[in-house]
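Chains as they are written, first to last, in the working numbering: chain A, 1 to 336; chain B, 1 to 349.
There could be a bad hint or two in this list.
[Claimed, not checked] The following label-pair restraints were derived from C-beta to C-beta distances: (1) A:A300 - B:N271: 16 to 26 Å; (2) B:V334 - A:G109: 34 to 44 Å; (3) A:K156 - B:I128: 32 to 42 Å; (4) A:G315 - B:W179: 34 to 44 Å; (5) A:A225 - B:V195: 49 to 59 Å; (6) A:P52 - B:P270: 31 to 41 Å; (7) A:H31 - B:L241: 32 to 42 Å; (8) B:I128 - A:G315: 18 to 28 Å; (9) B:P270 - A:V41: 34 to 44 Å.
[Unchecked claim] Taking beta-carbon pairs under 10 Å as the criterion, some of the chain A residues facing chain B (in silico): (10) F148; (11) A195; (12) F217; (13) L309; (14) V321.
Quick caveat, the hints were computed from the structure, so don't treat them as lab data.
Glycine included, C-beta positions come from ideal geometry on N, C-alpha and C.
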Amino acid sequence: MSVQAPAAGPMRAARPARPADSWLRRALRKHTYLFALALTVALLAINLAIQPNFGWTAQLASFAPLAVAAVASAPSIISGRGGIDMSIGPVMTLSAIVFAGYLAPAGLGGGIALPILMLLGGAIGAVNGLVIIWLRLTPIVVTLAMYFIVIGVNLKLAPTPVRLDDANWATSLAGNLGPVPGPLISLAIPVAIWALLGLTAFRRNLYAVGGNDATAFTAGVNVSAVRVIAFTLGGMFAGVAGLVLVALVRTADSSTSSSYTLIAIAAVALGGTSLAGGGGGITGALLGAASIFLVQSVLADAQMPQTWLPAVYGGLLIIAVVIGALVSGDRVRRTS
Amino acid sequence: MSATAQSGPGGVAPGGPAASPAGAGRPAVWKALVAAQRRFPLLQLVLLVAAFVAGVVTLPGFGGPLSIVSVLVIASLAGLASIGQTITILVGGFDLSVAGFIVAGGLIVTQLAERLHIGFWGSLLILIPGSFVLGGLVGYLSHRFRIQPLILTLAMGSLALGLVRGPTGLSVVGSAPAWLTGLASPISTTFGLPVPPILVIWVVVIIVMALFLRFTVAGRRVYLTGANPAAAEYSLVNTRLVWVLAFAFSAVCSSLTGVMLVSFSGNVDPNLGNPYLFISLAAVIVGGTIGGGPGDYTRTVVGALLLTVVTTVLVGHGLTSADQQIMYGVVILVAMAIYGRERRIRDRV
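Turn these sequences into a full structure, and let the hints steer you where they fit.
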């Protein structure tokens, strides 16, 4: 089974030819993140206006987990065929639990712990990818199954929340590492990896596969390898996101396993990355995450009761994906 | 079903690899079994009986009448939660708003009814049109903008939950009317029969769903839309309307399941719906219904029974809720590996 965006039927063919696109629409289509950029700037201005003491480091620290989670969700979505990685949220929590419960008590420093967490997340991502290509299943079904499995593992590993020692080095990721704000460093890790991948053929191949995997296959791209790497990357970034999260909240709680899945995807969608794949990028994901974070910040400042939050997240996500679909317009639908 | 809906094999070659020429060189019995499996959830029924026998042998009292009724009540809740899921999967979608609408439904008939003094039936007047509109909106948006229903349903579930929880707040007040709690209690009776009313409701629902999908025009349109949306559109099926109604129906079913769950547990927990999200998915997939068809609600019922019996037996042997989550994940993967495989990319070029 798979999830399909409902196909373009004859009703599309019946539609009259579209008038020439406006410059705005063309610009938005070329730089899909522009909408999120404008939104971020506007929301930032509102935030700065209503919160005179907007602590940059503290705000960045609260922003970092969502930002890294959004970046982690991006590669699999770009890889197309509905490649939404539902397991990002649970893998983050798993990474947080493993760090707070096992690596931190063992006294491991950042040089060892971070690669271990990235390997752990990457391994889960790789399993997702391999199952998808070997069993030829729809990505969403596989990652959804993995979502359940990892939540179960989290519940087993940490039936009660695990506390991270306040004196642990990782807490500086949510504060200052010398003169540099810690959150900037944790944000820099996935961004740097993504930028480095830009030097290889992988990123171009990723967009090619996401745009139309059959065409990419005919052009000689190793579609399966690209897909597996995309999911592995997402898992690795989720591993980083877990560390960032536990550095901020200082507890790893298995009951929060699913909390980041929804808004991370919303951030990617709001950032202009089409959920159909083949477009967008992590700039958009970061800006989308920033928009969502700043909305939360405004709502928190306006004393919005906790119980309304699900409605806000849900509404935001719906608006985000609809705007994303409008911005990208009626993309020429790939037919295979 | 493949994501490339235009060329999807959909209802034509449903069995995927099993239906392909793989049968060549296999014994005739095997071929007959594969053919039967495609028409009928044979394997699931065999496993169901095996699981039940295993339970009777290893767990004392498992075969008793009260225990069987209890298992059936739990299965009926799972089955009722999967009605909408079955339909949305048949039209080629997915519904992850089940959990949100279940809690919203439960909260409306208990807390909101209490706060607004509108009583149980008055609250249904909010519940049913409300969930119909929200669900229909999902169907419309995902069809109009070709957005994955998965994302939209997830968001809509959250929105529905928030819309109800916002006004009712964190405090839990109000509870189900007494007659409602009798609906799903295993010791209650229906018109003198020693079965709880919820089982009677479930049986009626099963029959109605089977007749609807098989013998009504609307039911056939569900299959058409799922199997090949483009072909359905050429056959003058308004696929957008089908999507809107399918998701609206699913949302209404989920929120009414929430009402049933209140009758089962007596009160509402904000996490009440979560297990039912993956139970509903697992029941549909294990039953053998795949996206865009083929499949029907009867298969889902078998899936729900199988999962409930297996879970009950395993819980009797000390399975924790964490293990259950892992088991459902693995079960979904295994079932999909049997049913829902896609074509090779080199075959799609």
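Unmet hints by their number, sorted upward, for this structure: 11
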